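K.L.:
Here are the chains, one letter per residue:
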Amino acid sequence: MPSIKDIMEKMDYGPAIESDAEVRNWLATHSAGVGHFINGCFVAPEEPMSDVINPANEEVIARLSKAGPDQINAAVKAARAAQPKWASLEGHVRARYLYAIARHVQKKERFLAVLETIDNGKTIRETRDCDIPLVARHFYHHAGWAELLDIEFRGYKPVGVCGQVIPWNFPLLMLAWKIAPALATGNTVVLKPSELTPLTAQAFAEICIEIGLPKGVVNIVHGDGETGALLTGHPDVDKVAFTGSTKVGRLIREQTAGSGKKLSLELGGKSPFIVFEDADQDAAVEGVVDAIWFNQGEVCCAGSRIIVQEGIAESFFARLKARLSTLRIGDPLDKANDVGAIVSRPQLERIQNLLAAGMTEGAVLHSAPGPLPNKGFFCAPGFFTETAPAHRVNREEIFGPIATTLTFRTPEEAVLLANDTRYGLAASIWSQDIDRAIAAAAKVKAGVIWINSTNLFDAGAAFGGYRESGYGREGSRAGLFEYLLPLRSDQLSLRPEPNRECAVTAPNRVHYAAPAINITAKLYIGGKQVRADSGQSYPVMGKNDAVIGHAALGNRKDIRNAVEAAAKVDSWGNIAGHNRAQVLYFLAENLSQRSTEFAELLVQTTGATTKAANSEVEAAIRRCFWYAAYADKFAGALQSTKQRHVTLSLNEPWGVMGLVCPDEMPLLSMLSLILPAIAMGNSVVTIASQSHPLVASTFYQVLETSDIPNGVVNLITGSRDDLAKTLAEHDEVACLWYCGSKAGSTMVEQVSCGNLKAVWTDGGYVRDWLSTREGYGEEYLRRATQVKTVWLPFGE
Amino acid sequence: MALNPEHQLASNSSFERVTGADFTPAWFEGYRVNLSATERRATTLMTRRTVKKDWQAAWLAHAITCIDLTTLAGDDTPDRVRRLCAKARQPLRDDIMTALGLDALCVGAVCVYPTMVNHAVKALEGSGVPVASVATGFPAGLMPLSLRLAEIKYAVEHGAQEIDVVITREHVLTGHWSKLYDEIAAMREACGRAHMKTILATGDLQTLGNVYKASMVAMQAGSDFIKTSTGKEAINATLPVSLTMVRALRDFYQKTGQIVGFKPAGGLKNAKDAISWLILMKEELGTRWTRNDLFRLGASSMLGDIERQLEHHITGRYSAANRHALA
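Taken in sequence, the protein lines are chains A and B.
Using our numbering, read the first sequence as starting at 1 and increasing by one per residue.
Using our numbering, read the second sequence as starting at 1 and increasing by one per residue.
Bear in mind the hints are in silico, worked out from the structure with no lab data behind them.
Source: prediction; values computed, not measured.
Some hints could be false.
For lysine-lysine, the following DSBU-like pairs were computed, each having C-alpha atoms within a straight-line distance of at most 30 angstroms [as the list claims (entries may be wrong)]:
| # | chain 1 | residue 1 | chain 2 | residue 2 |
| --- | --- | --- | --- | --- |
| 1 | B | 255 | A | 321 |
| 2 | A | 5 | B | 53 |
| 3 | B | 53 | A | 10 |
| 4 | B | 53 | A | 375 |
| 5 | A | 108 | B | 272 |
| 6 | B | 269 | A | 10 |
| 7 | B | 53 | A | 108 |
| 8 | A | 5 | B | 52 |
| 9 | A | 5 | B | 272 |
| 10 | B | 269 | A | 5 |
| 11 | B | 272 | A | 642 |
| 12 | B | 52 | A | 107 |
| 13 | A | 10 | B | 52 |
| 14 | B | 52 | A | 321 |
| 15 | B | 269 | A | 642 |
Let the hints inform the model, and build the full structure from the sequences given.
P.N.:
Here it is in structure tokens:
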């Protein structure tokens, strides 16, 4: 022990170890193993069990049961049984339960923080100051939503039973992000924590008992990926929520395709951290500390690609190196340590392999100096210089405390580099020039943008990604929709298959209606009428099987061309909503001028009565007005988060959307899909009704006269599901709406997992396109956009 | 951000006195400080680091050596100043000193008004504790420059070894940086051998950008120390302001190789504040910058709290103010 005099001379930090006595006692009471929490009871732990290891010292701290089919069945059954009663409780009563959870989390904050630290390896400073306070905040916020649900979400109902699978990097926080919104909205849950970090979930289950949460509302099952797959694949689970790797997210997308399960995925990231020359560089350096050296870099939204303006790069990297030298790495229970242990040995090895790959490719690694502890899974924080976008370390998520660096010359190039990734979870932008920062924020494709800040979280701000970072949001109003379904009619009827295959030769025993002039219906791509690539057309049958014309037979190349044309559009999403509204109003005008023609065509092609056809055309015109009205009224909102922060939640267009139209009400259904999409600024590739394609080919004439920029609406006719498959597979398409068959719904969901595009199907059930619940409404607007949360701290 | 390893000063290194630099606006013009990020760093500095047990005691004892024990009140009298000086010589009770294993400990300086300098000098004779005097029309500084310079000379003539000067805030608020430079340079000249601490009165300057720029000008003009506050502004020393100042100080060092000290003052009341500012210095500049030739705490009541904390460290019982001699 050094003397006071010695310390006065050296002025070093001594040990400041947080006591783990209570957690040790708690672990001792669980020495027989940790079992599942099903229907309000703990299942006695059973072999085979896995070891739960403290990554900071490699000690086995607990043993964990693994749920198989029986336990998953039991848990889902318990959740199912509890759900109706839980949903029927007054919102206020559910609010009381959530409030009680929040309170109990706070009452045990130190215990939970220490337990999380021992289980995960992250520092006590972070569990104490970040994880646990955010957990409590999440339950408070959602207690509020439970209270207000009836008023704020009229016309919605809970999804039912939720199967939730969470990762090991923020164990209790991810649990809170999953459970709080589910419970607030009247769902019940079966949650599976990571087998590496299951202990705070166990402590949470004990809190559920303490506060008297009704049995079966929360069930927790343990195990690895196999258990997770059993849960997400369980037929009686209505909603799957997953946070974890993009790889597993894809598997879940494929597994749940066609099941009708609602799905939200929060996946990986390779988030840019852009430093402009006019940034407060010291601030940005601390930003890097909070971005990639936070939680050992095991953060899906970590700013892992530092993109610096070339003129300041040298100075910035020097500052980063200096800052590395004051980071303290070691015992995560020491209150004066900045970086703890990586969660497991395989994870550490994975990081080390990626770092080695980076160095092999020529990148230079700068690591924090000083020795690492002898025991435990520690990784020195650092950053790479001399990397190129093509390097593996710039493309793959390292998920460790090492960032890459790139330089840029102009703001445009900064955005280009920032968007040069499959992912789109978050971005951090550093500039003291608000014009520059907001311009960049608008162009970077990411679900969360932090201006002059990083890794800010709040229950009141939506979190979630663009692109292959997943879909769905957590937190705020946007997050609740993941756990709600719009009320629909109970009378579901499956959509009939199209009345004919798209056969090129006319079938036997048909008679041609006498034509006036032979019409050549074409495709409409990039604002031009074009012939199908196949050079073929297919006959269109009207009532009494009369061939009423021919439609172009589109193929995959036509889809490719249409997507290309749609992707080229760059101004439509950026122009003022008012200007888009003007175009939609003009469209309504032109449609109304030709309403008789459309009504006659509808009678001819669908066999509808004149009255029904007239009312369909009338409804289509009204729909133009409705979405024109919303074009400048659905931009987003200001969220209440932290003081002196503007937190914006912006409803941004996806970019290119694919729309697959049904046969019923071919004009109205097509417009019901196109209008919200383009009103919100998307460009669309529309596969028109297979059976009634002439509606589309007549409609493009209206488009041509309505000032719609080229490429914003593209219309393809042909074999619906063949075209839909190509569209669903296309990586440039960010979102797909499919209104076809049940089998087709499954197919598009399955093949969408390439780029993990958001898919909305109606499962093959006919929609009532005239009804306010099903045919149009806020849900369409919501699904035509993705939420981008922009954090802007202010003050001088 | 910390200093580059190659710029880190060894813990025992000595250095030349600041000579200043030519007035160079390029070093601060257009410099922008992000408030929220600075506040966040200031806050998390204190949650990222802590000292416990013996380390806490040692850091507190060390903090005593950095205190400019201060009385700057209208009712100061020779006896009041003598009492303060007695405390400065012997800040801790003997039994506490013994229990901590310390044999000698004094504060960094005693800080008084110019007319009290001679009383303080006499009272501190032989102790090695220097007398610091405020000057230049403290606290507002709105006197003709000739009188302000004369005041410095008066204090120096009466034995003050350190002079705490105030700047004309107007020059900052109106952006007349060269006037500010000239004024401070003249004061430095008037100080002669006495070390000059330049008080920026950051509470009046308001923005962190102003704080950074004023710091840089003060250093270019030859300040030995830059100091936050007079203690008389509405807002005194805060961590974000201090962070901005020490970053300016680091930048000046990296540009010129000259080493300037830092003194937060005003509003520093308790032992925890002392630890906080020491952590700030250590993390941002390195351990060398925690020594009292480069770091002072301008405070009057902080010492009492440190004494109570140290007694608690030794006895395990919480202490009361009346068990320690008045300053």
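K.L.:
For each hint, tell me whether it holds in the structure or not.
P.N.:
For each hint, the structure was consulted:
1. 255/B to 321/A: holds (18 angstroms)
2. 5/A to 53/B: The given pair, whose Cα atoms are some 14 angstroms apart, holds under the 30 angstroms limit.
3. 53/B to 10/A: holds (16 angstroms)
4. 53/B to 375/A: Distance ~26 angstroms between residue 53/B and residue 375/A Cα, so the pair holds.
5. 108/A to 272/B: holds (26 angstroms)
6. 269/B to 10/A: holds (25 angstroms)
7. 53/B to 108/A: Satisfied, since the Cα-Cα distance of roughly 25 angstroms is no more than 30 angstroms.
8. 5/A to 52/B: holds (15 angstroms)
9. 5/A to 272/B: holds (20 angstroms)
10. 269/B to 5/A: holds (24 angstroms)
11. 272/B to 642/A: Holds - the C-alpha atoms of residue 642/A and residue 272/B are around 26 angstroms apart, at most 30 angstroms.
12. 52/B to 107/A: Answer holds: residue 52/B to residue 107/A is near 25 angstroms, not above 30 angstroms.
13. 10/A to 52/B: Between residue 10/A and residue 52/B the Cα gap is close to 15 angstroms, so the pair holds against 30 angstroms.
14. 52/B to 321/A: holds (29 angstroms)
15. 269/B to 642/A: holds (29 angstroms)
Figure legend: structure checked against the earlier numbered hints; every hint is met.
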